[in-house]
Amino acid sequence: MRFFPHTNDDISSMLETIGVDSIEVLSAHVPADLRATARLKLAPGRSEAEVAAMISSLAQRNLGADGFTSFLGGGYYRHYVPAAVRAIASRAEFATSYTPYQAEASQGSLQAIFEFQTLICQLTGLDVANASMYDGASAAAEAVLMARRMNSKRKLVAVSRGLWPDYRIAIRTYLSALKGVEVVELPFDPATGSTDLGEVRRIADKNLLCVAAGYPNAFGVIEPLSQIAAVTREAGAALISATAEPLALALLKAPAELGVDVAVGEGQSFGLQLQYGGPGVGFMAARSAYLRQMPGRLVGQTRDRDGARAFCLTLAAREQHIRREKATSNICTNHSLCALAVCAYLALMGRQGLRELAAHNLELAHATALALGSRGLRRRFSGAFFNEFAVAVKDPRSALAAAEKNRILAGIDLGRDYPELCGSLLLSVTELNNDREITALCDSIAEAA
Amino acid sequence: MRFFPHTNDDISSMLETIGVDSIEVLSAHVPADLRATARLKLAPGRSEAEVAAMISSLAQRNLGADGFTSFLGGGYYRHYVPAAVRAIASRAEFATSYTPYQAEASQGSLQAIFEFQTLICQLTGLDVANASMYDGASAAAEAVLMARRMNSKRKLVAVSRGLWPDYRIAIRTYLSALKGVEVVELPFDPATGSTDLGEVRRIADKNLLCVAAGYPNAFGVIEPLSQIAAVTREAGAALISATAEPLALALLKAPAELGVDVAVGEGQSFGLQLQYGGPGVGFMAARSAYLRQMPGRLVGQTRDRDGARAFCLTLAAREQHIRREKATSNICTNHSLCALAVCAYLALMGRQGLRELAAHNLELAHATALALGSRGLRRRFSGAFFNEFAVAVKDPRSALAAAEKNRILAGIDLGRDYPELCGSLLLSVTELNNDREITALCDSIAEAA
Amino acid sequence: MAGAGKIGVFDDSIESGEARISNGKAPLSKPRASQLASDGAVPLIFELSSHGRRGSDLAAPRGAVERAVETLGADLCRADLEAFPELSEPQVMRHFLRLSQQNFAVALQFYPLGSCTMKYNPVVNDELAGLPGFAQLHPHTPDRLAQGALGLMWDLESMLAEISGMDAISLHPAAGAQGEFAGLLIARAFHRKRGENRHKILIPDTAHGTNPASCTLAGFEVATIKSSKRGFIEASEIEHAVGPDVAALMVTNPNTLGIFEPEIQKIASILHAKGALLYLDGANFNALMGVAKPGHMGADIVQMNLHKTFSTPHGGGGPGAGPIAVKRDLEPFLPSPRILKHGDKFHFDYDRPDSIGKLRSFYANFGMLVRAYAYILALGGNGLAEASRLAILNANYTRKRLEDHFPAASAEPMMHECVLTHDLEKRAGVSTLEIAKRLLDFGIHPPTIYFPLVVPGALMIEPTESESKETIDDFVEAMERIYNEALGDPQLVKRAPNSLRLSRVDEAEAARRPILRWLAVAK
Amino acid sequence: MAGAGKIGVFDDSIESGEARISNGKAPLSKPRASQLASDGAVPLIFELSSHGRRGSDLAAPRGAVERAVETLGADLCRADLEAFPELSEPQVMRHFLRLSQQNFAVALQFYPLGSCTMKYNPVVNDELAGLPGFAQLHPHTPDRLAQGALGLMWDLESMLAEISGMDAISLHPAAGAQGEFAGLLIARAFHRKRGENRHKILIPDTAHGTNPASCTLAGFEVATIKSSKRGFIEASEIEHAVGPDVAALMVTNPNTLGIFEPEIQKIASILHAKGALLYLDGANFNALMGVAKPGHMGADIVQMNLHKTFSTPHGGGGPGAGPIAVKRDLEPFLPSPRILKHGDKFHFDYDRPDSIGKLRSFYANFGMLVRAYAYILALGGNGLAEASRLAILNANYTRKRLEDHFPAASAEPMMHECVLTHDLEKRAGVSTLEIAKRLLDFGIHPPTIYFPLVVPGALMIEPTESESKETIDDFVEAMERIYNEALGDPQLVKRAPNSLRLSRVDEAEAARRPILRWLAVAK
Ligand SMILES: Cc1ncc(COP(=O)(O)O)c(C=O)c1O
Ligand SMILES: Cc1ncc(COP(=O)(O)O)c(C=O)c1O
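Protein chains in written order, with this note's numbering: chain A, 2 to 450; chain B, 2 to 450; chain C, 25 to 547; chain D, 25 to 547.
Treat the hints as calculated values from the structure; they're not laboratory data. Computed from a prediction, not measured in an experiment: that's the story for all the values here. Beta carbons are placed, not taken as given, at the ideal position from N, Cα and C, and that holds for glycine. Keep in mind that a hint or two might mislead.
Unchecked claim - Keeping only pairs whose Cα atoms sit at most 16 Å apart, straight-line, the calculated EDC-like set for lysine to aspartate or glutamate is:
{"#": "1", "chain 1": "C", "residue 1": "K493", "chain 2": "A", "residue 2": "E17"}
{"#": "2", "chain 1": "D", "residue 1": "K493", "chain 2": "B", "residue 2": "E186"}
{"#": "3", "chain 1": "D", "residue 1": "K518", "chain 2": "D", "residue 2": "D530"}
{"#": "4", "chain 1": "C", "residue 1": "K518", "chain 2": "A", "residue 2": "D307"}
What the hints assert, rightly or not - Examples of chain A residues lying across from chain C (beta carbon under 8 Å, computed):
{"#": "5", "residue": "L64"}
{"#": "6", "residue": "V232"}
{"#": "7", "residue": "E235"}
{"#": "8", "residue": "L341"}
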């Protein structure tokens with residue numbers, strides 16, 4: 002087999018050194034009945050060419066972004082990934098190393114993550130960011146857990162219904178086993194699509210642990226975080242913002258500016274392919290007070306013995322391999338390589354480029370909303386939006402079907418996850434869409450509606 | 002522009018240092034009329050996404066190996082390229098360096114080429130191989146020129162008509178300017194498809210500089226080189242073999258064993274994609290007597306000052322940058338990266354794998370010939386063949402057209418380049434073809450014939 | 025460029041603003057961010073930044089930013105992305121390529137990091153995961169139009185079921201630890217459903233840190249089981265420890281000493297008899313393929329780390345994937361959705377009333393699944409078994425060759441990894457950490473150290489099946505040499521690494537005065 | 025891993041069988057081929073080979089080799105591929121990845137190799153060239169089914185015509201030198217067709233070596249033109265030299281001193297008046313875009329090196345591409361076939377009775393053409409002109425900054441590169457070669473040295489537009505430091521490189537006793 006370097010001679014001589022007759026002897030202590038039934042009933046091994054052919058044919062049985070025009074968003078966003086990002090992230094030195102426990106032999110990964118942490122701090126305006134989480138939803142859940150560690154007497158976790166369903170479910174699942182914590186859902190204002198402020202005020206008392214809201218939220222609406230923050234600050238609760246489309250942060254006020262305590266989100270938009278939903282990368286940033294309660298790895302700057310700048314994992318006393326059952330989180334393997342790709346992407350886009358890209362997204366999305374409006378299709382919500390919005394249609398299913406006939410994936414039927422929003426489509430428009438596509442989209446939906 | 006690191010401030014400060022007001026001043030000495038008309042009437046610059054989209058759409062307007070079943074050969078052969086070869090050859094350290102003039106900073110490229118030279122020597126059985134030529138055809142032409150330098154009194158160059166048309170034309174073009182050299186074509190035996198031995202004998206005298214023949218030749222026929230060698234040796238002429246499908250050398254006797262003096266060929270089969278005909282890579286190996294007349298670069302083993310093994314370019318006194326008009330060749334930039342890919346490919350295939358792959362090719366091709374035979378379609382030549390052969394069909398055009406309807410590229414109409422062979426198709430069968438494809442091919446052609 | 029030493033290099037002490045004397049050579053007159061330093065020191069992207077540079081050109085129409093701010097209103101918008109990097113594309117490429125050369129990685133170095141299974145990662149798998157039909161497939165694509173991806177996952181689930189001897193698989197968890205968490209929530213849901221309130225998990229003292237951490241997260245109390253002197257759990261101990269409050273035993277097998285738990289079946293029976301479950305941490309699966317199936321051992325829940333046994337690259341710390349496998353009666357509790365097959369069509373099923381829910385967005389780390397699937401297809405049943413056989417051979421050969429200097433922590437047979445110890449601390453005051461750092465001078469990534477915690481100064485070595493006898497022989501020789509150095513010239517070992525760009529990194533300083541991000545220095 | 029020094033490394037003296045003492049540390053007891061050496065020494069694939077290993081699994085049915093030998097008959101067949109390498113895939117990957125780190129390359133280092141235009145090579149271009157529709161396109165595909173590729177080339181030809189100011193382009197030649205050869209054969213054919221037998225080419229003494237070598241190959245005699253003291257050709261000199269036997273003047277512009285030939289138009293007129301042609305070597309095109317078009321200078325024939333100005337990567341020595349551009353009256357002589365457009369369809373035209381023929385198989389190095397095309401599309405007309413402007417700026421800035429220590433070889437304005445000289449040989453016995461080697465210690469690839477031949481101890485520096493001011497400033501500082509070292513501590517410079525894995529490589533020894541291949545050592 003091409004992956005095994007052992008020759009028969011190697012095996013014989015190794016066995017001789019060990020002093021046994023066969024490799025089987027080395028596992029002979031494994032109970033015989035287990036060994037007897039351990040045969041793997043799988044097809045025999047295959048050449049690389051065969052494997053490549055089989056898997057390529059599966060890939061062709063999907064619809065890449067190529068075949069269809071797409072307006073799908075809803076937590077994962079279609080963006081152009083520069084080739085340099087792929088070239089960098091596929092460097093074997095980055096891709097085939099592991100957690101940089103040995104700092105002297107891992108400066109490449111460590112420095113890139115230090116840069117990533119800095120970029121996340123810059124985008125969110127917060128003081129400290131970690132080395133990555135699995136994804137946006139689990140990062141949101143971990144943020145709530147962190148808020149709880151900071152303030153363990155409070156019991157009420159308020160999650161905006163305007164958070165993506167997966168985020169809400171992940172928060173509930175992560176909290177499901179914790180005693181005495183109650184999760185409530187904050188309704189959204191049916192007109193604006195943003196979290197119902199009255200309701201926030203209503204529940205804001207000494208028992209309120211935190212409020213979690215999207216920025217922008219699951220309807221693409223830019224939540225008025227500063228107003229929520231005024232309430233949470235007053236109540237002594239934490240405000241957690243979750244961002245699935247971090248490109249918006251290039252234009253929008255930084256969460257910290259609005260009073261957010263912990264900002265989490267999904268980094269996929271920044272240089273990661275869609276990959277049917279994973280791996281993306283979660284990010285988490287917080288005010289410095291949270292530092293010792295952060296989950297996950299942190300990279301810090303230090304010096305070597307000769308005074309040269311160096312980076313290493315730090316504050317590991319929070320982590321599972323040191324603190325075990327008292328750790329801030331169970332996370333071990335994280336999404337480092339994805340964070341590195343994000344870092345490369347942001348370095349390429351840069352200060353001006355990222356803002357221009359964001360503006361371009363916004364402009365296209367707003368143009369789409371206008372074009373739909375001029376065909377009599379109105380936005381479902383009035384709240385300000387970035388590159389995603391909901392549109393009211395009579396029959397979402399037939400609208401989607403009509404579009405699909407024109408090889409367009411027109412969006413997501415919001416009614417699936419929000420029964421109260423049946424008759425709404427969620428559309429995301431990015432730089433990968435052009436005017437021609439937008440017109441075709443509008444025509445298709447308008448016709449069906 | 003994303004490729005330029007200059008900020009406006011950089012430019013100003015650089016101009017200030019130089020002591021001029023503008024960049025234009027630096028080229029103001031270029032005649033004004035030239036400058037005035039130098040504007041490039043090309044579209045303005047484009048984003049990476051735009052360029053990628055434009056070029057992808059051009060790529061889709063071709064037929065990759067994917068869309069069609071192919072039996073095309075004729076000098077370039079379809080083989081599976083392992084991903085590791087691509088990963089290795091695309092390492093920036095290999096791809097973005099240049100000719101390894103500075104040995105201490107180029108050991109990666111130099112050692113790989115030293116290994117390539119060794120592999121070519123092993124395959125051909127000859128003593129010395131160079132660092133690469135452009136391709137098989139130009140290597141063949143350079144081989145003839147080299148033979149001439151070794152024996153400059155002789156005037157007659159005999160080229161087998163069984164060499165690929167491009168090779169014959171390249172030889173003629175390379176020789177076209179040299180005074181007193183005559184190129185004659187050796188006919189092939191219409192029955193066997195190999196070079197007419199009688200004709201070789203007829204012209205073999207003191208004036209004969211060299212004979213060049215394919216191994217296998219342009220009809221896929223394995224030339225009986227040892228018989229030609231007996232004649233050339235007797236006459237004191239050189240025998241040059243050219244191989245466009247070097248995979249055959251894994252099974253066939255090494256050229257040196259058969260009396261060949263110089264073996265050249267095309268390395269594309271060994272890990273290079275088809276790329277519509279280039280870049281491939283030429284190889285050249287020869288008996289040691291030819292060493293100082295070799296064209297191109299040579300990598301040699303030596304030591305550094307502390308005795309460590311090292312590699313460097315050597316015997317440069319043959320080359321254009323030293324010898325100028327007296328150089329053995331004008332070649333400067335060669336096909337190093339392709340040679341490196343060949344080296345990686347052969348290291349992966351290895352001693353057993355390469356022979357098995359060759360045998361598999363042979364078996365499939367012979368099975369195809371048999372299957373065609375059983376449908377009444379006979380091989381055009383009786384000579385032994387490896388993975389390519391000519392088959393006699395009544396109307397090649399309609400056979401090709403019929404196959405194309407079934408999405409099969411059935412081969413090459415030999416009549417195009419060999420009027421005497423009209424009514425013949427040249428087919429190449431490789432490991433990329435399977436039994437189902439072979440049956441479909443035979444059915445399509447048989448139907449049309 | 026490897027081998028670059030310290031003579032004549034540019035100085036890298038940008039941040040301090042102070043020129044540093046490197047190896048007796050005069051430093052540059054004005055230290056600055058240089059992309060040339062021959063010793064490999066790399067400035068931060070922020071230090072390479074210069075206002076007005078760009079690394080991307082966009083089709084965005086001019087003035088878009090101003091118009092966008094107008095559209096949204098200034099009070100929603102930030103004024104700028106202050107201090108964000110501004111580099112050209114060539115600088116970005118050079119930056120990261122130079123950084124990459126500052127890493128050890130298994131593609132280039134021997135990397136016997138115990139418990140991490142740093143085996144060869146076939147590059148073709150990365151290529152296949154990058155095919156447009158996968159890479160550009162949006163997670164909200166209707167099932168109908170994603171049949172290839174769904175089919176691949178369905179097939180992978182079947183394969184993992186066969187390999188593990190379990191009944192049902194969910195590919196949902198993002199990593200091993202998330203798989204543990206999912207598994208423990210399943211155990212919890214299972215007991216709840218049966219009206220039982222079991223709040224304790226038994227965990228041996230050799231367990232990986234994620235095990236107890238996951239228990240806490242899943243709302244369980246941890247009760248530690250002491251391993252026997254021989255290094256495994258005794259059934260009698262479990263018999264004794266399992267009460268009606270115990271939800272499960274969570275055990276790694278082979279355990280982190282590399283020892284196959286000899287009484288695992290008996291233990292499973294005891295647990296089952298008392299209504300408790302057996303959770304098997306499958307991170308060490310590389311020992312088991314074709315040797316023993318967790319399902320047959322009596323395991324009820326197993327998580328499998330695809331980034332270990334199934335060869336998806338570790339990525340400098342991730343991403344990975346941690347599928348969870350369960351026995352039939354636990355299937356209803358698996359994360360939602362699940363993939364179902366009807367005829368020859370696949371779809372996601374969300375109708376899972378007993379499911380524990382979701383731990384992340386969408387279904388799974390699909391990109392990693394493609395790689396693992398390609399790996400299993402390539403090896404096949406025979407190849408996977410051979411991988412385990414050779415991994416076991418390599419570990420035992422390493423153990424045997426090193427036994428005179430670094431004896432095994434237990435006399436028991438070990439499987440795919442071996443945990444060794446040594447007397448150098450006592451004899452020469454040389455610690456395991458120092459031995460590890462000295463290995464770097466030999467171009468070898470150190471094993472896992474100080475783990476499992478029960479072994480003093482542990483060296484946990486997992487060569488994997490990808491390494492040749494020659495490489496192990498070299499490793500053995502390096503270890504022996506270090507042993508002798510520690511006795512003869514301990515300073516050489518204690519001040520290691522001696523040959524990398526950096527000398528020993530001061531981790532204490534990093535923790536004492538945390539600098540976790542770059543901050544612009546006032547110019 | 026960069027920065028690995030020489031302490032504690034495995035010994036690499038395999039071939040000699042003798043243990044070598046490295047930096048005072050004890051070598052391994054038994055030297056052997058190790059893939060671990062921390063200093064980066066890499067054994068040959070042949071030394072890593074072991075019988076029975078394989079790096080590929082094939083679908084070939086068992087016994088295929090034996091059957092094949094039977095089919096062909098034993099006397100056609102070899103018995104074995106003796107001494108051919110036998111490695112597993114992980115070993116092959118590790119081998120080449122480790123080797124790669126032994127290279128300087130422009131993606132990672134400053135590489136101002138004069139006359140070679142080592143500019144940034146956008147990685148997206150490599151990706152695009154690898155698209156299946158290109159990579160898997162067979163050269164014998166019917167034109168009908170290759171319209172994308174043909175269209176791309178047709179478009180690229182038009183662009184190159186616009187850029188060069190010439191009328192017709194052939195993309196056929198594989199590199200600059202083959203382009204020169206093609207161009208000279210065209211000149212020859214042109215004169216022949218007119219019944220003239222001109223057998224001489226005028227070449228200035230600053231010409232690149234390929235120029236005279238190509239002349240010989242094309243059957244011409246070379247007559248060398250002395251450059252003026254100021255570093256260019258004087259029209260009066262040409263007036264004098266052109267006789268009825270002169271076929272052409274072959275001139276590089278800007279010439280290899282970086283100087284734009286000021287009298288080029290006058291020279292062209294003289295040549296044309298006397299029936300001779302002007303061949304312009306376009307290897308230095310990076311100075312010309314938007315500045316001056318060769319066609320307007322009076323050039324009849326120009327070759328363009330796409331691997332220089334148009335950014336296709338240099339590949340450690342190639343492949344490149346050397347399209348040839350001609351004026352209308354020379355078009356009939358271009359290599360055959362040519363690409364024609366009829367309506368919106370493209371095809372190859374082979375009906376070219378006056379063509380010089382072919383110099384290689386098939387049409388062109390298509391893979392490189394895709395990259396050059398992508399590059400031109402990305403920059404556009406404005407970007408290409410900007411590239412030349414910034415290349416000129418960088419070269420002039422470098423020249424200015426270095427003038428006190430390394431004065432320019434000529435007082436004339438220089439364009440995209442500058443040729444400098446120095447007095448260190450005289451003042452300190454330090455040669456240009458030694459300066460070059462010392463630059464390696466600063467992580468900088470040296471400039472082209474000792475060329476052009478007319479400049480004693482020449483340093484030919486071409487920074488290209490891809491390099492930042494900061495990088496040039498660092499380079500300048502390194503050069504100044506070396507200058508001072510040469511005076512103060514000449515041995516430091518003379519024994520350079522001091523910080524790479526290898527010390528100075530003995531090139532003389534390599535030539536004296538050529539070892540050009542590995543040979544199995546009897547064991
Ligand atoms: C024994 C064991 N269990 C669990 C884990 C956790 O897996 P992951 O890092 O994928 O979360 C690991 C590896 O880190 C491990 O070695
Ligand atoms: C001025 C000049 N002319 C011609 C050439 C030859 O080009 P190539 O190396 O592509 O054959 C070169 C470069 O090597 C050059 O610098």
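A quick look at each hint next to the structure:
no.: 1; hint: C:K493 with A:E17; verdict: holds (13 Å)
no.: 2; hint: D:K493 with B:E186; verdict: violated (60 Å)
no.: 3; hint: D:K518 with D:D530; verdict: holds (14 Å)
no.: 4; hint: C:K518 with A:D307; verdict: holds (15 Å)
no.: 5; hint: L64; verdict: holds (4 Å)
no.: 6; hint: V232; verdict: violated (18 Å)
no.: 7; hint: E235; verdict: violated (21 Å)
no.: 8; hint: L341; verdict: holds (7 Å)
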